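Q: Spelled out from the first residue to the last, the chains are:
Protein chains: 2
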Amino acid sequence: MLTQYYTPTKVLFGEDAEMHAGEQLKAAGARKVLVHYGSGSAVKSGLLDKVTSQLDKEGIPYVLLGGVKPNPRLSLVYEGIELGKKENVDWILAVGGGSVIDSAKAIGYGIYNPGDVWDFYSSKRKPAGSLPIGVILTLSATGSEMSDSSVISNEDGGLKRGYNSDLCRPAFALLNPVLTYTVSPYQTSCGTADIMMHTMERFFHAGKGLELTDNLSMSLIRTVMENGRKALDNPEDYEARANLMWASSLSHNGLMQTGNDQRGDWSCHQMEHELSGLFDVAHGAGLAAIWGSWARHVYKTDSARFALFGEGVFGFSRSGNDEADALRTIEAMEDYFRSISMPVNMKELGIDPTDEEIETLTEKATFFGKRTLGSFMTLEREDIKAIYLAAR
Amino acid sequence: MLTQYYTPTKVLFGEDAEMHAGEQLKAAGARKVLVHYGSGSAVKSGLLDKVTSQLDKEGIPYVLLGGVKPNPRLSLVYEGIELGKKENVDWILAVGGGSVIDSAKAIGYGIYNPGDVWDFYSSKRKPAGSLPIGVILTLSATGSEMSDSSVISNEDGGLKRGYNSDLCRPAFALLNPVLTYTVSPYQTSCGTADIMMHTMERFFHAGKGLELTDNLSMSLIRTVMENGRKALDNPEDYEARANLMWASSLSHNGLMQTGNDQRGDWSCHQMEHELSGLFDVAHGAGLAAIWGSWARHVYKTDSARFALFGEGVFGFSRSGNDEADALRTIEAMEDYFRSISMPVNMKELGIDPTDEEIETLTEKATFFGKRTLGSFMTLEREDIKAIYLAAR
Numbered sequence: 001m002l003t004q005y006y007t008p009t010k011v012l013f014g015e016d017a018e019m020h021a022g023e024q025l026k027a028a029g030a031r032k033v034l035v036h037y038g039s040g041s042a043v044k045s046g047l048l049d050k051v052t053s054q055l056d057k058e059g060i061p062y063v064l065l066g067g068v069k070p071n072p073r074l075s076l077v078y079e080g081i082e083l084g085k086k087e088n089v090d091w092i093l094a095v096g097g098g099s100v101i102d103s104a105k106a107i108g109y110g111i112y113n114p115g116d117v118w119d120f121y122s123s124k125r126k127p128a129g130s131l132p133i134g135v136i137l138t139l140s141a142t143g144s145e146m147s148d149s150s151v152i153s154n155e156d157g158g159l160k161r162g163y164n165s166d167l168c169r170p171a172f173a174l175l176n177p178v179l180t181y182t183v184s185p186y187q188t189s190c191g192t193a194d195i196m197m198h199t200m201e202r203f204f205h206a207g208k209g210l211e212l213t214d215n216l217s218m219s220l221i222r223t224v225m226e227n228g229r230k231a232l233d234n235p236e237d238y239e240a241r242a243n244l245m246w247a248s249s250l251s252h253n254g255l256m257q258t259g260n261d262q263r264g265d266w267s268c269h270q271m272e273h274e275l276s277g278l279f280d281v282a283h284g285a286g287l288a289a290i291w292g293s294w295a296r297h298v299y300k301t302d303s304a305r306f307a308l309f310g311e312g313v314f315g316f317s318r319s320g321n322d323e324a325d326a327l328r329t330i331e332a333m334e335d336y337f338r339s340i341s342m343p344v345n346m347k348e349l350g351i352d353p354t355d356e357e358i359e360t361l362t363e364k365a366t367f368f369g370k371r372t373l374g375s376f377m378t379l380e381r382e383d384i385k386a387i388y389l390a391a392r
Numbered sequence: 001m002l003t004q005y006y007t008p009t010k011v012l013f014g015e016d017a018e019m020h021a022g023e024q025l026k027a028a029g030a031r032k033v034l035v036h037y038g039s040g041s042a043v044k045s046g047l048l049d050k051v052t053s054q055l056d057k058e059g060i061p062y063v064l065l066g067g068v069k070p071n072p073r074l075s076l077v078y079e080g081i082e083l084g085k086k087e088n089v090d091w092i093l094a095v096g097g098g099s100v101i102d103s104a105k106a107i108g109y110g111i112y113n114p115g116d117v118w119d120f121y122s123s124k125r126k127p128a129g130s131l132p133i134g135v136i137l138t139l140s141a142t143g144s145e146m147s148d149s150s151v152i153s154n155e156d157g158g159l160k161r162g163y164n165s166d167l168c169r170p171a172f173a174l175l176n177p178v179l180t181y182t183v184s185p186y187q188t189s190c191g192t193a194d195i196m197m198h199t200m201e202r203f204f205h206a207g208k209g210l211e212l213t214d215n216l217s218m219s220l221i222r223t224v225m226e227n228g229r230k231a232l233d234n235p236e237d238y239e240a241r242a243n244l245m246w247a248s249s250l251s252h253n254g255l256m257q258t259g260n261d262q263r264g265d266w267s268c269h270q271m272e273h274e275l276s277g278l279f280d281v282a283h284g285a286g287l288a289a290i291w292g293s294w295a296r297h298v299y300k301t302d303s304a305r306f307a308l309f310g311e312g313v314f315g316f317s318r319s320g321n322d323e324a325d326a327l328r329t330i331e332a333m334e335d336y337f338r339s340i341s342m343p344v345n346m347k348e349l350g351i352d353p354t355d356e357e358i359e360t361l362t363e364k365a366t367f368f369g370k371r372t373l374g375s376f377m378t379l380e381r382e383d384i385k386a387i388y389l390a391a392r
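Protein chains in written order, with the working numbering: chain R, 1 to 392; chain U, 1 to 392.
By construction, these hints were calculated from the structure, which means they are not laboratory data.
Watch out, some of these pointers could steer you wrong.
Intra- or inter-copy, both count: the list cannot distinguish identical chains.
Subject to a maximum C-alpha distance of 27 Å in a straight line, what follows is the list of computed DSS-like cross-link-like pairs (lysine-lysine) [what the hints assert, rightly or not]:
id : residue 1 : residue 2
1  : K26       : K126
2  : K208      : K230
3  : K385      : K370
4  : K50       : K26
5  : K385      : K347
6  : K124      : K85
No experiment lies behind these values; they were computed from the predicted model shown.
Only chain R is shown next, with the shape it has when bound in the complex (with noise of 0.2 Å):
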């Protein structure tokens, strides 16, 4: 099959990328500029003041619209289309993590195309463009400063629901680790969960995977697994951060999958996102809990792979028997999951659906009965639900 490998992001790595964002707009015309950021650490931490004072220098007008929150809410999104139509911003500068940037994103769609922007994330038609974005990085997890992804969650109904689209690949990305020293462990563990996932969504898939790819995920993988301890063991190890930074971003840029037969699995991820749009849980923390439960769920459909990643990933040696490798491969996971303190079920997540719960997440997750998930394994209603049962 024919894949495509396009990140035309522009990436700053490194010592303090963040004081490049004004020069980068002005070299790029910007005229006026919607600052978009989240709930307080920008602002507390004089970053968002580091950026402004950029703007000021260069001369570029901008607004400001902070309130981002975890899992990102329609309803803001739709207050910063309002606020950057009567404004007229032609840029968007998302100062933060993952919600920051996705909502940023729907903002951009929202004022370049006419018509409600919920229309693209429930699929009902496709946007034509989307404004320019920058990003100031300050959390290694969710890729969104170098993917075609964004993820929002519909306030009515409790719809959690992405749209891909290389229309919304930032412009640019200023990545300096240094601005995540300050991201809590809890945070820490559910990004370097997020991280692991993007590669290993797209590792375990039907069809061959090219060997290049195998290797470059696994070796992404390992590389994450051990940078997630130590940035918990020392939040401000340099080496450790940077490693996580650049992994978020070549996790889900589109590298891990080029040449693949196909673009990956995504079940863990739709499941994990009814769960989050119902519970409001942490998407990474979400991810854990329910892999171990999807992997058990489907293993035997390829346990040559689950052995391969085993081999790769935690340097074990192939016994012979590729069910008893893949079996241990996945257990060899959760302990890692545990050991950086991220569940491996809903327990240990902190929620309890009920019976009606699993049912509704079972709904929603089938779009009421409109589609499967997976490619590694088709994922049948029946089978969604005992994953979510399996992961209780």
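Got chain R sorted already, so can you dock chain U onto it with the hints?
A: Quick look at chain U alone, frame taken from chain R:
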């Protein structure tokens, strides 16, 4: 320090990728295209017909310019610039390997900017822009399909000079591994060596490498070594050709240096440029012929890095004696080169420079006393001469 990763090239990889040239040029609004190619195989294989049919179908006018030779000549570049200006082309489509792409990049600079294009290659001035370039790749080696690099040979003085700028990164690259089935065993080996060296030049630098970048680099080299051998054993092994092709792009697009303290060493490349400038040898073979002598001259500067490389690429256990491990690694790499029929010295490369020619090579490599080489260890004139002599 701050590093940049910028790879805007849209890559289509896999089945019938070459059949998307017309569609890509149409979408980009190309008005007239210079189709640039090599010395006949693109014609004989029918590839050129496939390209012109697409342009005819899309109604895009074009002019043809073939005849690019390995170590592409400045004289043909001048011819292309004249033709392109006369015909008022606004796009270049390179159909071939690194020499064709590099020649196309030079023509792109020359059409866009007034004055002598050689000025850019001889560091006299910088270009303001370039024509956009599309690529249909037929040889996995130089990585020019995504890189910022172009190397041209000036017949006047036997000078081979490179110029690097983001301006010349191709807009799109169409990568179909099947198009490399007919690459000869010798060119397959040269390509394998070239791909490996693009990452090795970056791996061996002063200062620290980002662990993720180190690990991805060693994974890539290991994968290339295996698949180079497989492609020699079976030239129509799709998987082997696909791994080499994608590795070619990733090895030189900047991925393998992001987050590192420096952009790389590059002294082997610079010494090889003089070698092929004077003797017109194949670039990949020239690199292999020099690398061992370079490595033995410099390894004591940071033998731990060579030992790490041996561990990551050859799976050697660390003995505790880094210098011994480094020497073992250098020998293993030379053994690998021999195993794919690559030379590890100039005799095996088929040349036998006189003492006077060694002086000339040395003099030219220093840009006539104006520069040192390398960053892993800074090479003065006497170091360069010693390496040339050791490689003789």
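Q: Indicate, hint by hint, whether the structure satisfies it.
A: Going through the hints against the structure:
| no. | hint | result |
| --- | --- | --- |
| 1 | K26 / K126 | between (30 Å within a copy, 21 Å between copies) |
| 2 | K208 / K230 | between (33 Å within a copy, 17 Å between copies) |
| 3 | K385 / K370 | within (15 Å within a copy, 71 Å between copies) |
| 4 | K50 / K26 | within (16 Å within a copy, 43 Å between copies) |
| 5 | K385 / K347 | within (17 Å within a copy, 68 Å between copies) |
| 6 | K124 / K85 | within (23 Å within a copy, 47 Å between copies) |
Checked against the numbered hints given earlier, the structure satisfies every one of them.
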